[in-house]
Structure formats: structure tokens, C-alpha cells
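A.B. asks: Sequence:
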Amino acid sequence: MASASSTNFRGLTSKPSSRRSHISSQLFDQQLQRLCPSPHYHPKIEDPIREIVDVLLSIFLQEQLKCTSNKKLKTILTMSIENYRVETNKKKAFSLFLAAAKKGYLIAQEMVGDCYFFGIGTHENEDLAFLWYNKCAEQGSGYGYHGLGICYEYGKGTELCLSLAIEYYRMSAIRGNVWGMIQLARRYQAGIGTPKNIDKAIYWYQKALEIGCEKAKTELDNLMKLSVTLHQKHDSERHLQPTIIEQLLP
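Under our numbering, the sequence shown is numbered contiguously, ending at residue 560.
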């Protein structure tokens, strides 16, 4: 780590701090990337300045005396955030996210919403999931709007309302959240909660693919072929219509 400052993977410059002086710059960036997975943010679209790793490390280091070594400390932190593989780590991850969320860190608030929604490290609680997603949306979070869309579509923690679900997916998508784009594209593709519109579905799948969501490629390819077929059929019907009318004339 440079003596004056270092640049993380987002291109943000940060001064070294005593809270992370014990880990390398490379490990710090790895931890930050794990805390900002693509379902929440994509660096090409959303680039919030958050020191969430600093907060989590600060909270964790307060418990350092309970751990046998720094290595164990880092291992628990990494596994808790990355994969939630062990139940103990799930609970530890949730407690860290909740503590950071209460300090006002947006990405932690999003994760707390997910933890309550899916029951990760805590009991499932649809009402609290909705509450935290709403807190995030109020701050302009695309992922928060996506969470609200899911809640309204399936009646989780609130009333079931497809029209509101579609509106929140749209608000998520226009804020650059890739999962909001995918959800909106799927609803246009299937005509769920909104009139079926293949062209709009293609548009949002393309947007998702542009920011790196490979999951959109297969659907996009299929829809492009379908769109060409539909347009050809429409053009053919328009071309044949005068001929049919002429045949009916005396």
C-alpha cells in the first residue's frame, strides 16, 4: 500500500487507515469487490463512494481478542461476506451487516433486506425485509427498488400489487440496477402486470447485457429472432390485405 494513498478497483482514492493497516491493498480490494456483487451494483452504472469494508473491519476488530489470530479473523470475515457457507458465519455476517446498516451504510442496508427476505443468518421476516428495501429505495438505491418490486409482485411484507411491482422494477432499471432490468424485461416478455411488449423486453435485455449480465444473452437472442419473425408476419399481412379486399369487390 502506498504511503500517501491507494486506488481501489473502482478508481477511488483513499488514504491508508490504521483499521486496515494489517491487510494488503490487494486483500482490501478483494474484500470490497465481494461486498459489492453485481446483483447490487455494477461499476459501469452505479459508483457510490462507500467505506463499507472499513466499517465491517472496524466492528470486527473490536472483537479481535475473542479470536485466536488475525488469520482466523480474516477467514471468518471473508467467508461470512462471500459465501455464507457456515451457519455461524451466516449469523456473524448478518450481525455485521445490521450494525453497518444502522450506521447508515446503504449497501449494508440492502444486504440486511436480503437477509430478512431469505432468512440468511436470521429468521425470515417479510415485514422487516420490506422495511429495509424501502429505506434503501428512499435513498435512491436501484437494488432497493428491485426489492420492493419483488415484495409487491408476490405480496411479501405488503399487499400484492402487480402494477406497483412493475413500476418499482422500472425505477430500479432506470437507475442502472441489472436485476431491475432483467425483471422488467421478463415481465414485458411474458405480459405479466403490463401489456406484452417484445420490443421493450429486448431493450431492457440489451441494457442488462451492455453492463455485463451474460444471463440476458440467451433470452435476448431468442427474442431477437421472435421479433424478426413477428415483424415479417406483420409486413406480410399488411401487404396481402389490399389483395384480399380487391377480391371482395364486385
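Just so you know, the hints here were simulated from the structure itself, not pulled from any lab data.
Check the hints yourself; a few may be wrong.
To be verified - Here are the computed lysine-lysine pairs in the DSBU-like style, where the Cα-Cα straight-line distance is at most 35 Å: (1) K413 / K466; (2) K506 / K400; (3) K445 / K413; (4) K401 / K445; (5) K401 / K412; (6) K466 / K412; (7) K466 / K401; (8) K402 / K413; (9) K413 / K400; (10) K401 / K413.
Stated by the list, open to error - What follows is a set of in silico ranges between Cβ atoms, one per label pair, in the way DEER data are often shown: (11) T528 / E434: 26 to 34 Å; (12) G414 / Q516: 29 to 37 Å; (13) D509 / G414: 39 to 47 Å; (14) L470 / T528: 25 to 33 Å; (15) K525 / I502: 41 to 49 Å; (16) G465 / D509: 26 to 34 Å.
C-beta: ideal position from N, C-alpha, C; glycine also.
A.B. asks: Each hint should be assessed against the structure and marked as holding or not.
C.D. replies: Against the structure, the hints come out as follows:
This hinted pair checks out: K413 and K466 have alpha carbons roughly 26 Å apart, not beyond 35 Å. The straight-line distance between the Cα atoms of K506 and K400 is roughly 40 Å, outside the 35 Å bound, and the hint therefore fails. At roughly 13 Å between alpha-carbon atoms, K445 and K413 fall within 35 Å of each other, so this suggested pair holds. Proposed proximity of K401 and K445 is supported: the alpha carbons are some 22 Å apart, at most 35 Å.
A hinted pair counts as satisfied when its Cα atoms are at most 35 Å apart, and K401 with K412 qualifies at roughly 16 Å. Taking the CA atoms of K466 and K412, the gap is about 23 Å. The hint holds against a cut of 35 Å. Taken as a hint, the K466 and K401 pair is honoured in the structure, with Cα atoms around 23 Å apart against an allowance of 35 Å. At most 35 Å may separate the alpha-carbon atoms for a hinted pair to count; K402 and K413 meet this at roughly 17 Å.
A threshold of 35 Å between alpha carbons decides the hint, and for K413 with K400 the separation of about 20 Å falls inside it, so the pair holds. In summary, the hint linking K401 to K413 is supported, as the alpha carbons are separated by about 19 Å, within the 35 Å threshold. In this structure the hint that T528 and E434 lie 26 to 34 Å apart at CB holds, the actual value being about 31 Å. Our hint of 29 to 37 Å for G414 and Q516 holds, since their Cβ atoms are close to 35 Å apart.
The hint said 39 to 47 Å for the Cβ distance between D509 and G414, and at roughly 41 Å that hint holds. For the pair L470 and T528, the beta carbons lie near 29 Å from each other, so the given range of 25 to 33 Å is met. Take K525 and I502: their Cβ atoms lie about 18 Å apart, and the range 41 to 49 Å is violated. Hint check: G465 to D509, Cβ distance near 30 Å, so the stated range 26 to 34 Å holds.
This entry does not satisfy hints 2, 15, going by the numbered hints stated previously.
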